[in-house]
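Enquirer: Each chain, written out:
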Amino acid sequence: MKTYLPPKFIVERDPERCIQCQVCVNQCAFDTHYYDAEDDEVRSRPDSCVGCHRCVLFCPTQALTIRRNPLDYRENYNWRPEVIEDIIKQAETGGVLLTGMGNDKGYRIYWDHLVLNASQVTNPSIDPLREPMELATYLGRKPDRVEIDRDYPGLKTELAPQVRIEVPVMFAAMSYGAVSINVHESLARAATEAGTLWNTGEGGLHPKLYEYGNNTIVQVASGRFGVHPKYLDVSRVVEIKIGQGAKPGIGGHLPGEKVSAEVSMTRMIPTGTDALSPAPQHDIYSIEDLAQLVYALKEATNYTKPISVKIAAVHNSAAIASGMVRAGADIIVLDGLRGATGAAPKIIRDNVGIPIEMALASVDTRLRQEGIRNQASVVISGGIRNSGDVAKAIALGADAVYIGTAALIALGCTLCQQCHTGKCAWGICTTDLALTKRLNPDIGARRLANLLRSWSLELKDILGGMGINALESLRGNRLHLRGVGLNETELEILGVRMAGS
Amino acid sequence: MKDLSKVNNPYGDDKVIDACSIFGMMDTAGRRFPGKDIVRAIANMHIRGNGLGGGFAVYGLYPQYADQYAFHIMYLSREGKSEVEAFIKQRFRLLHAEEVPTQPTPAIVNPPLVWRYFLEVEPQQCDGQSQDNYVVDRVMEVNTKIEDAFVFSSGKDMAVFKGVGYPEEIAEYFRLEQYEGYLWTAHGRFPTNTPGWWGGAHPFNILDWTVVHNGEISSYGINRRYLEQFGYHCAMHTDTEVIAYAIDLLMRRHSLPIEIVAKILAPSFWSAIERRPPAEQELLRTLRQVYGSLLLNGPFTIIIAHHGEMIGFTDRIRLRPLTVGVKGPVLYLSSEESAIRLVCPDLDRAWIPTGGEPIVGSLERPLVPQEVEVAGGGNIRC
Ligand code: SF4
Ligand code: SF4
Numbered sequence: 000m001k002t003y004l005p006p007k008f009i010v011e012r013d014p015e016r017c018i019q020c021q022v023c024v025n026q027c028a029f030d031t032h033y034y035d036a037e038d039d040e041v042r043s044r045p046d047s048c049v050g051c052h053r054c055v056l057f058c059p060t061q062a063l064t065i066r067r068n069p070l071d072y073r074e075n076y077n078w079r080p081e082v083i084e085d086i087i088k089q090a091e092t093g094g095v096l097l098t099g100m101g102n103d104k105g106y107r108i109y110w111d112h113l114v115l116n117a118s119q120v121t122n123p124s125i126d127p128l129r130e131p132m133e134l135a136t137y138l139g140r141k142p143d144r145v146e147i148d149r150d151y152p153g154l155k156t157e158l159a160p161q162v163r164i165e166v167p168v169m170f171a172a173m174s175y176g177a178v179s180i181n182v183h184e185s186l187a188r189a190a191t192e193a194g195t196l197w198n199t200g201e202g203g204l205h206p207k208l209y210e211y212g213n214n215t216i217v218q219v220a221s222g223r224f225g226v227h228p229k230y231l232d233v234s235r236v237v238e239i240k241i242g243q244g245a246k247p248g249i250g251g252h253l254p255g256e257k258v259s260a261e262v263s264m265t266r267m268i269p270t271g272t273d274a275l276s277p278a279p280q281h282d283i284y285s286i287e288d289l290a291q292l293v294y295a296l297k298e299a300t301n302y303t304k305p306i307s308v309k310i311a312a313v314h315n316s317a318a319i320a321s322g323m324v325r326a327g328a329d330i331i332v333l334d335g336l337r338g339a340t341g342a343a344p345k346i347i348r349d350n351v352g353i354p355i356e357m358a359l360a361s362v363d364t365r366l367r368q369e370g371i372r373n374q375a376s377v378v379i380s381g382g383i384r385n386s387g388d389v390a391k392a393i394a395l396g397a398d399a400v401y402i403g404t405a406a407l408i409a410l411g412c413t414l415c416q417q418c419h420t421g422k423c424a425w426g427i428c429t430t431d432l433a434l435t436k437r438l439n440p441d442i443g444a445r446r447l448a449n450l451l452r453s454w455s456l457e458l459k460d461i462l463g464g465m466g467i468n469a470l471e472s473l474r475g476n477r478l479h480l481r482g483v484g485l486n487e488t489e490l491e492i493l494g495v496r497m498a499g500s
Numbered sequence: 000m001k002d003l004s005k006v007n008n009p010y011g012d013d014k015v016i017d018a019c020s021i022f023g024m025m026d027t028a029g030r031r032f033p034g035k036d037i038v039r040a041i042a043n044m045h046i047r048g049n050g051l052g053g054g055f056a057v058y059g060l061y062p063q064y065a066d067q068y069a070f071h072i073m074y075l076s077r078e079g080k081s082e083v084e085a086f087i088k089q090r091f092r093l094l095h096a097e098e099v100p101t102q103p104t105p106a107i108v109n110p111p112l113v114w115r116y117f118l119e120v121e122p123q124q125c126d127g128q129s130q131d132n133y134v135v136d137r138v139m140e141v142n143t144k145i146e147d148a149f150v151f152s153s154g155k156d157m158a159v160f161k162g163v164g165y166p167e168e169i170a171e172y173f174r175l176e177q178y179e180g181y182l183w184t185a186h187g188r189f190p191t192n193t194p195g196w197w198g199g200a201h202p203f204n205i206l207d208w209t210v211v212h213n214g215e216i217s218s219y220g221i222n223r224r225y226l227e228q229f230g231y232h233c234a235m236h237t238d239t240e241v242i243a244y245a246i247d248l249l250m251r252r253h254s255l256p257i258e259i260v261a262k263i264l265a266p267s268f269w270s271a272i273e274r275r276p277p278a279e280q281e282l283l284r285t286l287r288q289v290y291g292s293l294l295l296n297g298p299f300t301i302i303i304a305h306h307g308e309m310i311g312f313t314d315r316i317r318l319r320p321l322t323v324g325v326k327g328p329v330l331y332l333s334s335e336e337s338a339i340r341l342v343c344p345d346l347d348r349a350w351i352p353t354g355g356e357p358i359v360g361s362l363e364r365p366l367v368p369q370e371v372e373v374a375g376g377g378n379i380r381c
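If you read the sequences in order, they're chains A and B.
Take the first sequence: its letter number 381 is residue 380 in numbering that gives the first Met the number 0, and every next letter is one higher.
Take the second sequence: its letter number 99 is residue 98 in numbering that gives the first Met the number 0, and every next letter is one higher.
Because the hints were derived from the structure by calculation, they are not lab data.
Since this is a predicted model, take the numbers as computed values, not measurements.
Quick reminder that beta carbons are idealized off the backbone N, C-alpha and C, glycines included.
Treat the hints with care, since some could be wrong.
What the hints assert, rightly or not - Here are some, though not all, of the chain B residues that point toward chain A, as calculated from beta-carbon distances under 8 Å: (1) Ser270; (2) Ile272; (3) Glu273.
Said to hold, decoys possible - Far from chain A, by Cβ distances over 10 Å, these chain B residues were calculated: (4) Ala85; (5) Arg90; (6) Asn109; (7) Leu112; (8) Asn132; (9) Leu286; (10) Ser292; (11) Ile316; (12) Arg348; (13) Leu366.
Next up, chain B with everything else stripped away, as it sits in the complex (with noise of 0.2 Å):
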């Protein structure tokens, strides 16, 4: 058996407590761009976190392995990676193996090994089951099984980047500069504790989805006990970690849209519900009676991405900072508005949406410019 306290924070708590910054950054016009503007953006909120944790997620990254499921995992042993290559072999068809090109970095101190893998699943290999529940469940298979190993992300032509130290330390570490990438998120984190461990850091990553979060879920032991009901096992214990699960359930295996999860994250209040018009009530009560053990209580504020969309949302009394900016067709989400303002000082547009209020950019309904009523009359194109 795995020794899960490895995987888990050594302290084996059920959950780390965090506070965080975060930065979500899309070119909804499906244009890839460097990283080195959320840096910038993410480097002016170090403060909100303390060096123990930061990450990145890059969407649109592997255009020349565009259809393969890259695999980046990391080792703390040469034995758990002969083991997982081992693996890898048997279970997948594997196209192409690299070490992810770091640089030494004086802030980061012993760092495990990152290797990425670009994979395809052979239809007899996954016998009868989707592609995508084969893969999460060979990733569970190597975090929960494989000593010493662990998968940073699973996606397709995406990938996490993450680490221990300040996020602008991690994207140096990584060379995220010689990167491009159509939507961006980024995290930096402020443990109360002190996992020390890189696979804790945020993004969290199934699949191509990711997940950076700040907050402290208080419902926690309740939307953990009801994912297991559904087969999700939180290796890790943390918040986020369940809401990556939670997004999975919903959106890949319950096929409902993001507006709807929302509502299921961070529902109305019944009293606010009772003031819909009526097929309206009847979704939203539905939602909260079905769902309820989901409903994600006390203080977050997260930025979901996958493919194509980029969400972000508060709690439903947004106990922690939100702040959209759009330029163009660029949509950013962050915690703090001068983190936007710093990259896009010219914003068309920058607002605080309301609680538990849904932002979505998306590749299938781009942003496109608006005609906005002023003070004093008159028209502006923003």
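Isolated chain A, as found in the complex (with noise of 0.2 Å):
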């Protein structure tokens, strides 16, 4: 069938610059290049091209730019290009459109109509230079009380498992499988380096991993991929997957030609067999049974973790979340409408779910009404960008958040959306050998490190010259918030002032 679609990219190649090289045609994963022999000329065939900016970056005379292909269809505001498009694809293969990454349409982005105090006379800024200035935080279930006896120091009350992070960011649960070996040591490794957590996403844990383990969060979904005592043991928190921002209520499928003999040995399933993950954990159809699950972890791992439950944002995502708590999470995880994915309905990712701002808002605010708030830590996800997203998701009362686009990101991910073709140039989400050895894990682990340490300068910059000197005051503290451009209902869900009251 002659396709309907046109290029999305134009490709450019200065012949001024380029010397036959061939480094495109190596580097880019979409066959957008070739090598004219006869000719000798490289040549290229941009209706194949993603946009992921492979070539550009590695050409070595910078011959190449890739440009958006204008499409100059009649205006139409109803009728826009993705639309037509994305009709026609279907028309073409009679299937569901599929897509990588998360949610790119333009609902409102709250942290963008948020804005952050600062001190003026009133009370001192505190120089981070120059003062202590503390990011520390524990997960985990806090008791309402702390009981003593008289001899000091006579501590009684003994805590639930506590997780020490020494900066609020996390990174958000990527499965192995959907990104490759490479990945995951280079999150694992800037996890330790920072002293954060990184989460193994629901394809198992490599054994060459296990020595990060006091830094993993491992994962618990409805596929159970690689789940082993051992898996369970060397984890710091368990983390059960109910759902993911970018895809609520739909289960996951790496395809077969994904499952190499390294994916098959982690996931414990054959090699090039299609990895299905039910849309519900089949053994969890209401709250009392998510509390038999986090209690058959918790008695598996004898008491010793955290036991974490991830949710995607959805409608009355406040009432499950006090329902999570109460059967027995000791953190729950938030996924927003921006949650990215490897692969998921393009349907659901662009139309379901709700604003992460909105969901933090009214979760919190409702754990607190029922004082129970202190008994789970809140963790967020889903399109947090740099360190001002994670000042105000604290402030709106998250005791800290995932990173998972912004981390990929730092590993070089220019967000083509390709992530469902196992096709990544840039080596992040895909198996196969030739593209995933792009991906150095000691250069990886490196970009990660120093994103996270960028990012706790900033927020210690941020913390300071609002006076505070712990995170702990700005967790919840929503007075150190205003808006802007937001209506009265939005204001009062997100429990915020309007800038200048």
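Dock the two chains into a complex; use the hints.
Expert: Next up, the structure:
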């Protein structure tokens, strides 16, 4: 069938600069560049270009430019190019459209409508270069009160397991198989260096990474891939995955081509078979079933590790979160509308779920109203872009955040949204050995640790500016936020006042 | 519903930003003394206030009614008074009521009416609840539900005198020279907006707890949200109110001693905690983990008092001043050393405590003269 899809990008090669070295031919995972031996010339077929910019960065003479194909259809606000092209694709394939990364639509990003406070005159700001500034955070269930004996120190209260992180930013769940082993290794090493946690995702943990177990959150998802006693034992936190922001209510599908020998060993499934995660956990059809799994994992780990439960942020997250806490979750994770994925039906990614800012605000408020906020730490994820977003999330009530997309960008990702194809030119979202070796874990770990370092320095500046020297004084402190350009209902849900008031 | 704008500052701000002078004076041997000295001391720090709030707390004030709850209530209207009095008669056994004596003072304009009531709680009235909890609930009820009325203080054998004016003017107005107590605290206020509301002055009180405070709490938002979980509603939206409730929660409801409370409100840094012996580490870490939301961040000095005890401390990096003076069994706490020296020129000792370190004066452990080594050898008794 002749495709009616126009090329998305224009590939330009400056003949003056091109030396016919064929680097671009090797670098492009989408076969856009090719070498014409007869004419001794490198050429391109722009229709397959996804705009990942790998060739641009690696061309030694900077001969390449990738530009958006203007596609000047007759203007139509309803029938935008993306809408038209999705229909064309479906008319040509008859299938569900798949995509990668997070929701890229124009839904309001509330972080951009919240501004932070600073001290002037009536209280001093604190200079983080000269004064201590504390970002350390303990995740886990806290009791309502502390009991002590008469004789100092005489602590009587015994806490549930707590996990200390030095910066309130952790790496979000990305499964081995969806991402490469080198990504896992980079994340694990960076988390260890920065004193935070990384998350295995639902595809198990490769034995060579057990040594980073103390900084590892292991996931137990509906497919139960790679879940075995050792996996639980080496971890620091066990996370039950109920849902994911990019595809609430939808399971996972790792195509057989990505199930290499190593992936098969880690996931405990035969090589080359599709790894299907059912949409629900088939042993959790209600809240009391969740409680059973939470306690089964607590038993299995001898009550030594916090148990986390992750859900996608949906309409009634607040009530669900309250149920999760009552079901024994020590950490609850909310993954918002912008949460990313290695592969999801595009229609789900773009239309299901709610903005994380709203989910976080309503969950924190609800748990406080019920007097159970201390019983679980709240972690959010989905679209956190910088330390400003982190500070705003903490002020709204989060204990910590997860970053996934931002971490991948640090590793080279340019958000070309081709993760589901397994051809990631940056060697991130692929198990093709030729591609995965593009990511050197030494360099990857360095880049990620640098990112965390930058953000923690910035967070200290933000705190110091407010005259606060411990993160716990910002946590849930919504008086340090003001809204800009928000209506009354939005402000009410966020629990934030308008700028100027 | 009560018009909260009359209770809150009229700007409805979430908190009042202020800077202040504070002074505390306690005879740890329990002897009662008149208010003359503390009025002079706080007046000496006149420029730290701006005449928009001053107040005093006195302990050991009403020996003749030592076992009754002494309610000092401020009224903005006759209706407020009759409504509160009806409420009191219904909810308490009233032993005595009178207007708090005042004298005309040029600087005090348009003062509200202030009355005091000596009350008892009948066992059947509190219905299983502890008497103290019963009283707290009734105070909250008056403050949030009854128009034009506000409870200044509600403890036994103590009271709070406060209002809009410089502290020395408030002292003159309420004729404090006629009272005696073994523990006095005082406050002169410098709010950066103008509430002009008598209830907003310090000290803040609940039962026999009082707090005077100099500073601004940058963690106010979360401190307040944390306390709301325990049923405390900050009607006045001031930092100090938050501190008063935090103390009530930690000391009365969670039965923690004041040294531990200081470690919650002004905790050591994580790095300092790690240098302590293991058992202490465990305690300090647990306190921060559980009560992190009560950490008072930002500059402050506070003096907390209740029967038998006076405690002063600053924030953990000491962004506001506190000086301690000792003379025999008498403990002085002040924003400025000069104010102490004014009323007691021959102090045994005076020093500046480190950030977050609580200074405690207690009837149970009266100050005793101690041998101090002096330079050049030899000991002196002081
Ligand atoms: S897909 Fe990427 S590497 Fe290939 S031509 Fe386009 S931008 Fe270059
Ligand atoms: S991970 Fe790879 S395929 Fe996915 S968006 Fe990033 S660069 Fe593209």
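Enquirer: All hints are to be evaluated individually against the structure, with a verdict given for each.
Expert: Here is how each hint holds up against the structure:
1. Ser270: 7 Å, holds
2. Ile272: 10 Å, violated
3. Glu273: With a minimum Cβ separation of about 11 Å from chain A (threshold 8 Å), the hint on Glu273 (chain B) is violated.
4. Ala85: Holds, since 33 Å exceeds 10 Å.
5. Arg90: 27 Å, holds
6. Asn109: 27 Å, holds
7. Leu112: Consistent with the label, Leu112 (chain B) stays out of reach of chain A, its closest Cβ about 33 Å off (over 10 Å).
8. Asn132: Asn132 (chain B) clear of chain A: closest Cβ-Cβ about 16 Å, beyond 10 Å.
9. Leu286: 6 Å, violated
10. Ser292: 6 Å, violated
11. Ile316: 6 Å, violated
12. Arg348: 24 Å, holds
13. Leu366: Holds, because the least Cβ-Cβ distance between Leu366 (chain B) and chain A comes to about 21 Å, which exceeds 10 Å.
Checked against the numbered hints above, the structure violates hints 2, 3, 9, 10 and 11; every other hint is satisfied.
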